[in-house]
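Now that you have both chains on their own, put them together as the hints suggest.
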Amino acid sequence: MNSLLSGSLEQKLRGIVGGDHVITDPGRLLVYESDGLTAYRWLPRAVVLPGSTAEMAAVVRLLHEAGIPMTPRGAGTGLSGGALAPENGVILGTARMTRILSLDPVNRVARVEAGVVNNRLGDALRPHGLYYAPDPSSQPVCTLGGNVAENAGGPHCLKYGVTSRYITGLTVVLSDGQVVELGGSGSDPEGRYDLVGLFVGSEGCFGIATEIEVRLLPLPEGVRTMLAIFTTIEEAASAVTAIISGGLLPAALEILDAATIKAVEASVFAAGYPKDAGAVLVVEFDGTDAGLDADAERAVALCEADGAREVRRATTAAERIALWKGRKVAFGAFGRLAPDLIVQDATVPRTKLTEVLHRIGEIGDKHGLKVANVFHAGDGNLHPKLTFDRRNAEQLARVEAASREIMAACVAAGGTITGEHGVGVDKRKYMTLIYGPAELEAMRDAKWVFDPPGLMNPGKVIPDPEPREEP
Amino acid sequence: MSTSAGVAMAGLLPAEALRGPGELEGWTVGGARPEAVVEPSSVDEIRAVLAAAASGGFAVVPLGGRTDPGPESPRGRFVVLSTRRLAGVEDYQPADLTVAASAGATLATLGAMLAERAQWLPVDPPYAPEKTLGGLVATGSAGSLGMAYGTPRDHVLGLSVVTGDGRVLHLGGRVMKNVAGFDLVKLMVGSRGTLGIVVSASLRLFPRPVEDRAVILEGDGLGALLEAARRVTTASVVPASAVLLSPGPAGVGSALLIRVQGASAAVEADVAKLLGRSVDMARSQQGSEAQRTFETARDHAARHPLVLRGFALPGLLPEVLSAVHDAAPVAALAADVMSGRVRVGVEASADVVALERLRARLEALGGSLVVERGAPELLAGFPTYGPGGKRAALGRALRARFDPGGVLSTGRFET
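Which chain is which? The protein sequence lines are W and C, in order.
In terms of the numbering used here, the first sequence opens at residue 1 and continues consecutively.
In terms of the numbering used here, the second sequence opens at residue 1 and continues consecutively.
Okay, chain C solo, but in the shape it has when bound (with noise of 0.2 Å):
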């Protein structure tokens, strides 16, 4: 039998980098259990731990704060590389409206500091407080943000990531405007732990706005709601964000949450032209009580037993939604209608079928499904992202050139 990863990992590192056998429990990656789990403070420990992998012929898979770890099972054998202890922040600017931090800091670490100079990191991925700069350069995901202020692959304007072979480069750099040579800092964001492990990142930062304010409409059913969903994403302003949720933040019926900042005079002005005539319908709120609307806005579906993410152009929304109440029993559904995606929590198991349909429809729309959260039985017969074509070869060779050995998230990006 082959030396557990445990043991040769306990080789390689000092004792506070290793997770006793005892504390796996939390780690599971796709329903399936490490062998160990190590928590490196250097780039020299992440390099020894991706060799003595690829030695020892088991996969590594980066995790931060467990936020979004995907629903696939690694391949065989594998560690979880916790990115816990590389945890400072190197070099706040102020002035220069940039941050460069290590890969395990918390969004709510950053968040906390930055508030303190009146400026944010714009991005509301689900459960953003516990999630970590990797984890965030890693998904890739702005939540409903996006549209209004772009996403991670906008924001993060430097790297330093350790590939799968263990190279440490140093990509983009800590200015706003960087086109010197390819850019792989846009091919690290969203890839999901398969091309390298995210150490250290700068981001572009924004002032905070002065007022932030959450509109509110709600409904029985979707179809008045939809129609003002039409209207925000049509009018001559693009608010912050806007979520349909159901059921609505007070837990029934359903409503269309609009985020809208600015000056005071201006976010006036810009809830009248995005509601038109339902102004008078809609409710608003500011200060504590709209962060928490924005809070729950920003978590809502991301965490029931199967929980998928449609897509598709934001005027087929009403489309999309058919199609997603035809395919499983819905509990809970957030839809972006500025960037079409739509997020879905299931409580029961769906059947493979049915999703295989709702993927058809989808792509039928042009759209695409992602399994988001899901049971690894259900897994095993319907794959998490629909297939890739040509681009997919390209992905599968360029994580060739980066992760030779295939040691980095194996089961993930590879259907």
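The shape of chain W in the complex, shown without the other chains (with noise of 0.2 Å):
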């Protein structure tokens, strides 16, 4: 089979990064057909991997000149189907931008290619006393410019915010080729306006970051680790309202369902969770050591409080892996149910929750579907998890039907369609769930400005124009 490039662009693209970094062969394409959601498969015309920032402009250039759609992309491991080249499109992928360019531990900022694994710069940062905080699940793989792209979240994010709060500076390539530098060291975060955090979070529909300046916090001197079980999710959740409302700020509030429970403990991944709890809630306090017994005392009051029926306390770094282990492992539990899972994402206000999870079990049900929940409880950040096999093409409707209806339950409760996994192509169809005509409106002027001929990542995060309903 021919390339999809034109001889000569192929030829141009070659001789900017280098001839094994030009991905054509239909065979290596495959890798590239989807990302973490598999239920998209697209595949690129080719694959760019350039290794410096200026190796991506000129190929950027070389693009916008043929009229080229682009696609940024880093570990693929995002779970809306961002990282999907469109129609035509190439990908331009960070997999050799991984050099960890500055580290300022008096500063407390570290400057980073976009392709270097979010893990690989804690390992990094941990001879110094500093990590970075936002820690997605994703966190051995996913990049730093993947992370920039989503606004990325995890576990943490309770206490310590999302991606976007720890991003003070980035280099950005725009559609035309143009090198931008958006914040960066030492530049007033109150001068004018916040281009890095309008920036953060537009899932390479603005441009590619290729570097990124990252603040850096000191290692928690301490951390306590707890993980109450529950006969019924309520209580779960009742507890978590009992922790915030009692002026507690756990670093994490985390709850699996008993579903969860069930496919983690059927699996080789078992935490040793007990078979028959309603749920778990997995509560963590991190920072000066001296507060920390006290914190956490209270919360397994208030655990017990609420019908907590075992608190197991964590007193080693060993047992406290223990701990997280069936929540780190949580989606990978479900391989053996069924071939495919959706993890669903959305956010309601953390009062809503067990309002919210009633809703979900119940259009579960009407739909003859497994619903499995994994939350970021602290911040009302809910993970639905619906299995099935994609080949069934009649399950597949059931699910999107499901998905949908969860969605507008979030949405009526006062939430949001996604707390961390963006909109991508998946989500599009439930904008308009949330935003009006003018909001849209808005935010595609925001992305004319960044991308005037709409040659970045096109056909993601907005609908177009005239919404049409999709199947």
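The reader is advised that the hints may include incorrect statements.
[Said to hold, decoys possible] Okay, derived cross-link-like pairs now, EDC-like style, lysine to aspartate or glutamate, Cα gap no bigger than 16 Å in a straight line:
| # | chain 1 | residue 1 | chain 2 | residue 2 |
| --- | --- | --- | --- | --- |
| 1 | C | Lys390 | W | Asp176 |
| 2 | C | Lys273 | W | Asp289 |
| 3 | W | Lys159 | C | Asp154 |
| 4 | W | Lys159 | W | Asp286 |
These are calculated hints, taken from the structure and not from any lab test.
From a predicted model like this one, the values you see are computed outputs, not experimental measurements.
Structure, rendered in structure tokens:
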């Protein structure tokens, strides 16, 4: 099969990035056909892997001249189909941009290339007593460039906030190949518009970030982790509200429901949770050691007051890992239950958790689907999981219908359609649940400023101007 | 002659939304007097004002508590749009740690309500109690608590704004995590009334710390205090804030004020880590005494005739301070040692050449210089913000999309 690129363009691209770093072989392109959400599969025309900002800019300039759409991609762990190339599009991969450019322990900033893996930065920082706070579940493999594009979250956002709080500067390549510095060392965060904040979470639609400056924190001195076991999920949700209302600010508050516990315990990842539990709640505090035991005691008392039948406490690092284990493997554990899994993502006000969980249960029953829930309870971020087999079209249609109803239920409770996974291609159809034409038009305005020809990741995030009902 | 803006407004708004011609004192912007001050109480009234401005050829400058109106004079004729009558608290959910309120609600009003539930909004820009929620969003100023808690860009969960061309946008929401669509909330926060007029906002709140302690290290010169500051910024714990004040709280010398919050046992341990051996030289305050000290520090150096804001990485603070002292007769100075932001109050009018030299020195350090307050004559020769390069071009393009008629806050962000 011939390459989908014209011969001269392909040659020029290879001239910029080196012969091996332009992928056009259909077999190799298959890797890039989908991201972490396997329901969508689009084969790119080519994948280009520049090794520096300058190479990226040169590649983008060429593609811009040829009018070819581009999609930035990091590790491809996204869960909304955001890193798929549109029809005839080219993927701009950051896999070769993996240098940690500078690490400044005095000012607590680091500058990295976009392809640096989140955990690898953590490893480099540990000897300095520092860390990078945002910790999405895909942390061992996801890239910081992807984290920026998605404004990634993670279990510890409750206390520390999401990615955008930790990004102080970006080098970005816009769709015409122009390189622009946003923010950056020493720039006044209150001076002029917050273009860094606007760019973070733009899902590759504004341009591609090639270098990222991040703010670092000192590693907390102490950590206390507890696992509270409840008979019902209502009790667990009520304990979360009691902890927050009681003035405590845990680093994490994570709930696994009965269906998830069963899946985890039946899998090779068994974490030792009681199989008959209605829910487990992971509570973690971190900070100055001297204050932690008192906080932990109060949280235990609040969990017990809400009906916890047992509270396990980690006293060693190994025990802490054990308590977290079920949470960390919760997605993988569903692998043996069904061929496909949709991990939904929505946020509701924390006090509406119980009500919304009931509603999600009803929606699952109505469509004859099993729904399991794992969620960042402290900030109301739900991840209902639907298992199915995508080869079964009828079942897939029921999953689609249930997903839409779950989104609508979250929005009706005052929530939103995505807390951390992004809109991508999957949730464009839900954008009109939360935004009217004016807001969508304003978002198009912002995109236009960064990408007038509309070549950067088209077909993502914002529905087409006249929203049509998608099947 | 064109119709005066005041006359145009009188036909549009109810009498109570219009300040009389005799009440315009105190509403000058950058030394210029508005043709009218309007106080709309609804989105429709705001849109009517904007439409009248577009057709009448005058600008609209939104103002809240007037604690930080910016030094720029609007270009040409203008009216001030005060948010005073947009003042209600719409929805306070203590168990969700969120509050939604109208733009004109003052931080004092909000703070008193939150305190009843042992919660707070951790921001302390100058004259914070008089500041309105809309002003907080528009300026994006966190004060010295920003490094520990985040800034308004992190706290604001959702916004309703009216853009320059009268579009009403409901952005974000009331939940802690939200990545649905492009983050226009971040674009609006800190946009200083150039893209839209904030009507209401929802915010993330925090539990009030059990203990809130002031730890003060005093000295005659800055040298020893700068060393202590460096220890604080590189310690294994992050204080709520740390500010170098000159003169010190007692009006003489200099002082390093460190704010440490948390459970009592943790505060004690944190103070030891932050101060090391200097702990014996420090004095501590708690309760209302500490709160008064924090207020003094918060407002320090913010109301002099000329107020400058320098910024560079915190490790460069010694270089920044020496550049500042070389450039102007410093009357008061507050350096946030955690963020690297330095506020400088100057009594006498400074000379443009000296300011240009200071800006050049800070830019050579990778930093910047902004004028927060200053006489219009001075600013005619010295732009409020330094050159913005390509990002300023993106900013101008964004402004042209959200305020295509060029109605809002003219004269600002234009260099």
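**Prompt:** Where does the structure disagree with the numbered hints, that is, which hint numbers, in rising order?
**Reply:** none
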